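There are 2 protein chains.
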Amino acid sequence: MSNAPHLTFDLDTAGVSRGHLIVPGGADRGELLLPVFGLNKGEGPRLLVTGGNHGNELEGPLVARRLIERLPNAQTCGRVIVLPVLNPLAVEARSSNTPLDGLDLNRVFPGRADGSVIERIADAVSRVLLPMAEIVFDLHSFGPAWDCPPAVMTHPIADADLLAKTLQMAEAFKLPVTLLWEHYDTAGMFDSWAHSQGKLFVCAEFGGGTVSAEALAVYEAGLRNALVALGLVEGQVENVSLSHNESIQTLETLVSDKLKSPARGIFEPRCSVLDEVKQGDLIGILHPMDSLSAESIGIRAPRPSIVLAIGSGAHVDRNEGVAFLARPLKILN
Amino acid sequence: MSNAPHLTFDLDTAGVSRGHLIVPGGADRGELLLPVFGLNKGEGPRLLVTGGNHGNELEGPLVARRLIERLPNAQTCGRVIVLPVLNPLAVEARSSNTPLDGLDLNRVFPGRADGSVIERIADAVSRVLLPMAEIVFDLHSFGPAWDCPPAVMTHPIADADLLAKTLQMAEAFKLPVTLLWEHYDTAGMFDSWAHSQGKLFVCAEFGGGTVSAEALAVYEAGLRNALVALGLVEGQVENVSLSHNESIQTLETLVSDKLKSPARGIFEPRCSVLDEVKQGDLIGILHPMDSLSAESIGIRAPRPSIVLAIGSGAHVDRNEGVAFLARPLKILN
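The listed protein sequences derive, respectively, from chains A and B.
At position 156 of the first sequence (counting the first as 1) the number is 155 in numbering that gives the first Met the number 0, and the numbers step up by one without a gap.
At position 132 of the second sequence (counting the first as 1) the number is 131 in numbering that gives the first Met the number 0, and the numbers step up by one without a gap.
Quick caveat, the hints were computed from the structure, so don't treat them as lab data.
Possibly wrong hints are sitting among the right ones.
The list treats identical chains as one, so a pair stands whether inside a single copy or across any two.
Subject to a maximum C-alpha distance of 20 Å in a straight line, what follows is the list of computed SDA-like cross-link-like pairs (lysine to any residue) [said to hold, decoys possible]:
no.	residue 1	residue 2
1	259	212
2	40	14
3	259	92
4	259	91
Source: prediction; values computed, not measured.
With these hints in hand, go ahead and build the complete structure from the sequences.
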């Protein structure tokens, strides 16, 4: 038993409980202790909130911490489990993935008990925590190299009923953007696995760039809206926005909406998040570094779109993403 | 001669010239070619503009590129030399320093001809470009892990006359903040070396966080203001600001104004850039990751201050900087 993932405490205890999810050791490193908070108020929705899936998206862990602080005085029914940091090794390394094995936690679900440390984390979450919840909020963000609005998203789900419920849940955050995000490579994602287990799973993409006090207040309010919608806490839903967001929109981004860099160099953004662009409008410019006479390359909108996210002046490789476009979601509205 | 740093072209040519600064090879890697632009309009100020001193501060290279685009139609006298990327190896690695030798280019000036690649870059700039200029603008920024306003700064200079001229030059950018920045560790900085050579040197600290189209427009306008003040281009000076900046201020930050993390963990910012804070006001909170019961630690203002820059939710080590405070500069105004 000591070699199986387990909790150090009983989440069925009434009221607040705290302890750790034990991820057993393996060939690459010893046992890992992930702090977990639980609040059991009996009958009602069973929600799991996770953050820190990627180590350079720290809005999630911070908003999860705030939730833990507020829930004892706010939650009126049901059960909430909060695991603020899924991947402390990546957080400490300030990188998306864990340097130890180079793996992306969000591509190895449901994990392997005899795998690398990241596969063992996924295994522990899949086997110990996921079965206890019917709804999951996984708190991500676009990270420091992107500018984008606070959003809640889901990938397409084959089960149309589950997709509709998921979009409805995402819209309940009342964040500026609710997004249906087409993605080639969804195998091993936490959401795909949770969907396969029949769970309602939404993924917050809490903006990008710096994590400011203002942004955290917006994200916290969005999460609170969702808890109110679930009936876990009482209160009024409030519309939340950052200055650059005028309205709340439900958008769709397709695989073909990801604009890639035509060459290696420094990307210069030439438009802003949530700008409406026409076909041919300039999105950004790619500047090769090796020569000033080398032509800088304009990257243009292939069709009328809304700018969902734009790269932040970083050095990029050829074919690396520099912008995501989007358009109003038509299939359900 | 082929083993000494040199330019591939003659900067004394009238009008526009382009080519490379050749940094000779050494034990660690071969020759490096840094693209250089020159515009010679005869008599007048001689200005050197550099960017990309640190590899994760790309506002400078982008604004330098824009300058190269605009100068041929704008410059009316004098000479301007532009080197958009001092340290392409760090830019490609997306890190402040160069992975090859781990050295900070801004701590090795004036460099060494027989040193590592970064010392050879500093040597080439010090020996070939610096003697041709009387004024230097080195375009930095706070990088992705900080929120801070667009600023132009100088470290204290022993020569009071040069300090006064430098602050005046910095204020000519008309960016929201002009800063006198006390620093323990100025040995080997580009500015210290240039000051020792009697040059007027200002360092732009073009904000932090993401490099947005809006931010680039502000920085470009600031640089243009400085060129107008120098008489290199004709035009009107304009006040420039980002939304969070209400006024233009000249501030001072002391060594004791750098607030450090009391422990390892995730830093949560609790105030905003340019906020005025009283003694004891909460600046941020440090959350250790290993336990939810471990007390989170409040980081408070030690005295009345203006928040100059605040860390952006990153994981930090004990004693790592999380905020810089400042106050109005009194010595000269």
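Check your understanding: Which numbered hints turn out to be false for this structure?
Key -> Going through the list in order, the structure violates no hint and respects every one.
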